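Trainee: Residue strings, one per chain:
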Amino acid sequence: MENQKPKRRRTRPRRDVALMVTCLADLMRPSVGFAAVRLLERAGCRVTVPERQTCCGQPAYNNGDVNAAVPVARAVIEMFEPYDYVVIPSGSCAGMLSRHYPALFEGEWRDRALALAAKTWELTRFLTEVAPLPPPKRPPLDATVTYHDGCAGLREQDIKQQPRQLLLQQCGVDVSELSQTEVCCGFGGTFCTKMPALSTKMADDKLNSAVATGANILLGGDLGCLLHLAGRARRRGLELEVRHVAEILAGTPPGPGIGDPNG
Amino acid sequence: MKQTSHAFMQHAEAALADAGKAQRRDLLGLFMPLARDAATARYGDFEALRAHLKRVRTHTTNHLDHYLARFEEASLRNGNQVHFAATPEQLNNTVLSICQAHGARRVAKGKSMVTEETALNEQLLKAGLEVIETDLGEYIIQQAGETPSHIVGPALHKSLPEIRRLFLDRHKLGERSLEQVEDIVAEARSILREQFLQADVGVIGANALIAENGATMLVTNEGNGDLCANLPPVLIVCTTLERILPRAEDAMALQRLLVRSATGQAQTCYTSFYSGPQRDDDVDGPLETHIILLDNKRTDILASDYSEILDCIRCGACLNHCPIYVGVGGHAYGWVYPGPMGSILTPLLSSLEQSNALPNACTSCGRCAEVCPANIPLPDLLRDLRQEENQRQLNSPRLRRGLRVHAWFLRHPALYRRLGAWTMSVLGLLGRRRGALRRLPFAAGWTGTRDFPAPEGGTFMQQYRNRARGGRRRG
Chain A
1 MENQKPKRRR
11 TRPRRDVALM
21 VTCLADLMRP
31 SVGFAAVRLL
41 ERAGCRVTVP
51 ERQTCCGQPA
61 YNNGDVNAAV
71 PVARAVIEMF
81 EPYDYVVIPS
91 GSCAGMLSRH
101 YPALFEGEWR
111 DRALALAAKT
121 WELTRFLTEV
131 APLPPPKRPP
141 LDATVTYHDG
151 CAGLREQDIK
161 QQPRQLLLQQ
171 CGVDVSELSQ
181 TEVCCGFGGT
191 FCTKMPALST
201 KMADDKLNSA
211 VATGANILLG
221 GDLGCLLHLA
231 GRARRRGLEL
241 EVRHVAEILA
251 GTPPGPGIGD
261 PNG
Chain B
1001 MKQTSHAFMQ
1011 HAEAALADAG
1021 KAQRRDLLGL
1031 FMPLARDAAT
1041 ARYGDFEALR
1051 AHLKRVRTHT
1061 TNHLDHYLAR
1071 FEEASLRNGN
1081 QVHFAATPEQ
1091 LNNTVLSICQ
1101 AHGARRVAKG
1111 KSMVTEETAL
1121 NEQLLKAGLE
1131 VIETDLGEYI
1141 IQQAGETPSH
1151 IVGPALHKSL
1161 PEIRRLFLDR
1171 HKLGERSLEQ
1181 VEDIVAEARS
1191 ILREQFLQAD
1201 VGVIGANALI
1211 AENGATMLVT
1221 NEGNGDLCAN
1231 LPPVLIVCTT
1241 LERILPRAED
1251 AMALQRLLVR
1261 SATGQAQTCY
1271 TSFYSGPQRD
1281 DDVDGPLETH
1291 IILLDNKRTD
1301 ILASDYSEIL
1311 DCIRCGACLN
1321 HCPIYVGVGG
1331 HAYGWVYPGP
1341 MGSILTPLLS
1351 SLEQSNALPN
1361 ACTSCGRCAE
1371 VCPANIPLPD
1381 LLRDLRQEEN
1391 QRQLNSPRLR
1401 RGLRVHAWFL
1411 RHPALYRRLG
1421 AWTMSVLGLL
1431 GRRRGALRRL
1441 PFAAGWTGTR
1451 DFPAPEGGTF
1461 MQQYRNRARG
1471 GRRRG
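Protein sequence lines correspond, in order, to chains A and B.
So the first sequence is residues 1 to 263, counted in our numbering.
So the second sequence is residues 1001 to 1475, counted in our numbering.
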């Protein structure tokens, strides 16, 4: 356990970072949250996890229920006001905070939303552009890894090279690329249940492409996409380990991949 | 054309079940983006051109009345007759009355999505006229009795063998093989040549209307539009208000964006400007020319929150880059305009009640907005339509209830946490052995084709709090 280690003195002032765990990591895969905490601490940040956090409100927002999304957004904006940075292990939730919250408000609340937007970072981008990780102290990862770019991260957060760069630096892994990296995997929030047949076809395209790379691990930065892809991979009986990129970067002895049996 | 957008979801399922057609669409979805990317990269500063046209379009639509008046004035000066049509019926009736005034029997048509929107052909056929589509794709689907599946390539859904069989069946030309693509094209060409020569009236569309000189611009690859425009004695240009641009150079900027976005070419084979009827010293051209400007709710759209959709230049890039369009094809959308632009236009031009499935056919992946040469925030407009759908309670009551309950829990963290922790521990236990659940109550939409990955068990917030407490005790 890390908090048993004696605390080292640091000369550089620590960055005060609030972690937004995301609802999916909180509920489905806490290990992503712990990996994010470890990575941020390793990058010299003081990490706080505000207790009142639940979810960014995207389900309501994307389905057109703005009346439901606005109070959720207000609560998130208020909660994160005391911190220098808000870091989120998801491009989609980061996009919600930084791009879509400001569009929900006018006047004072818009200013507050813009202030939050300016300090909100997706995890891999934060670890490359704001608080770089120190060099790793472990041997390179012996695996063939492919990477799925979540659309919101790719297009709303400019995340493309950051996770690849981190994987190379921290794990010595060169990503074996999927064939159409910029095409959606078919998750799309509630879309995946509104059009299940098409959503599944899109997952199959991704998974077939992943298998074709020869990869045994499929990584990504958004749990939504990953749960969808892992769920489909399990149903098809594919031998493909699906994980959030933070799990691999944190280098903790990983438990089973998403949807894999214990032990 | 009868609208069946309400059945989009059923159409989509049926389309996916046809593996052969699905595979061809996948190829389209692979190659069209590659062609577009290469063409825009070769251009150089495509972004600057996009931004420029956006400024011009915004300015023009903000002063639409002014530029329409200028266009009309210049166009009349060139000798055209200019008509305004508020509704599709008015456009169709205007075309019909022009045809009847000339005792016309045969109409040759260039490709025009506007006349698909107004269902002009049906009206003319009903009145006893012969109508022949002269764009090869449009000709193919006219012969097959089908509708366009793509706004640029209307027959992209047809395979080569299908087209071959269609021609052998429809053209009574005796024994021949039509083995090569060239043979098929040559056959269509020889048939269409006759039609151009026999036509009494030519009908074409327009890619831009130029206010400063009253000319219309037409961009094609086949030159069929030019034959429709020049050979018959009467020309009718069917177009819509929002095609208008202030200057000829603006039309050229649009053309540069359009061609690269649509087909990945640097230049189409033909870009033509039609100013008016034959003048005294002209050697050819129509004797009488009409321009019909259709509104069909566009001035309403202009005054609404969706006005940016009027910036659309009909290049089809959003279709080619949309995983939904590529997945299910254009016919699934059930009307004239498919893909992201169609999912916005269809509810606005018909009604949201008839077509509320379309704005839901979106993963918000954002690829359409990324390539749209007119910089239209398509996913945002689709979300706005879903908002309207929700407000007007057109979506499923179950979804609405679910969203409200979910949002309520989000604002009550203590309860949310307790319920979340309990649910996850139950699911975690149920799925422990396999790591995933094959079936879940109330989640058939997910588990029909996917396992539900079992939660690790215990929420992050719970474990984090426990660890922090443990840390304090130890420390």
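Simulated from the structure, these hints should not be mistaken for lab results.
All values reported here derive from a predicted model rather than from experimental measurement.
Do not take every clue at face value.
Stated by the list, open to error - In silico BS3-like links for lysine-lysine, alpha-carbon gap of 27 Å or less:
1) A:201 with A:137
2) A:137 with A:160
3) B:1002 with B:1021
4) B:1054 with B:1297
5) A:201 with B:1297
6) A:201 with B:1021
Trainee: With reference to the structure, classify each hint as holding or not holding.
Mentor: These are the hints, each one checked on the structure:
With a C-alpha separation of about 41 Å, the suggested pairing of residue 201 of chain A with residue 137 of chain A is violated against the 27 Å cut-off. For a cut-off of 27 Å, the pair hint linking residue 137 of chain A to residue 160 of chain A stands: about 25 Å separates their Cα positions. For the suggested pair residue 1002 of chain B and residue 1021 of chain B, the alpha carbons sit about 23 Å apart, so the restraint of at most 27 Å is met. A threshold of 27 Å between alpha carbons decides the hint, and for residue 1054 of chain B with residue 1297 of chain B the separation of about 22 Å falls inside it, so the pair holds.
Annotation: proposed proximity of residue 201 of chain A to residue 1297 of chain B is violated, straight-line Cα distance about 37 Å (limit 27 Å). Proposed proximity of residue 201 of chain A and residue 1021 of chain B is supported: the alpha carbons are some 14 Å apart, at most 27 Å.
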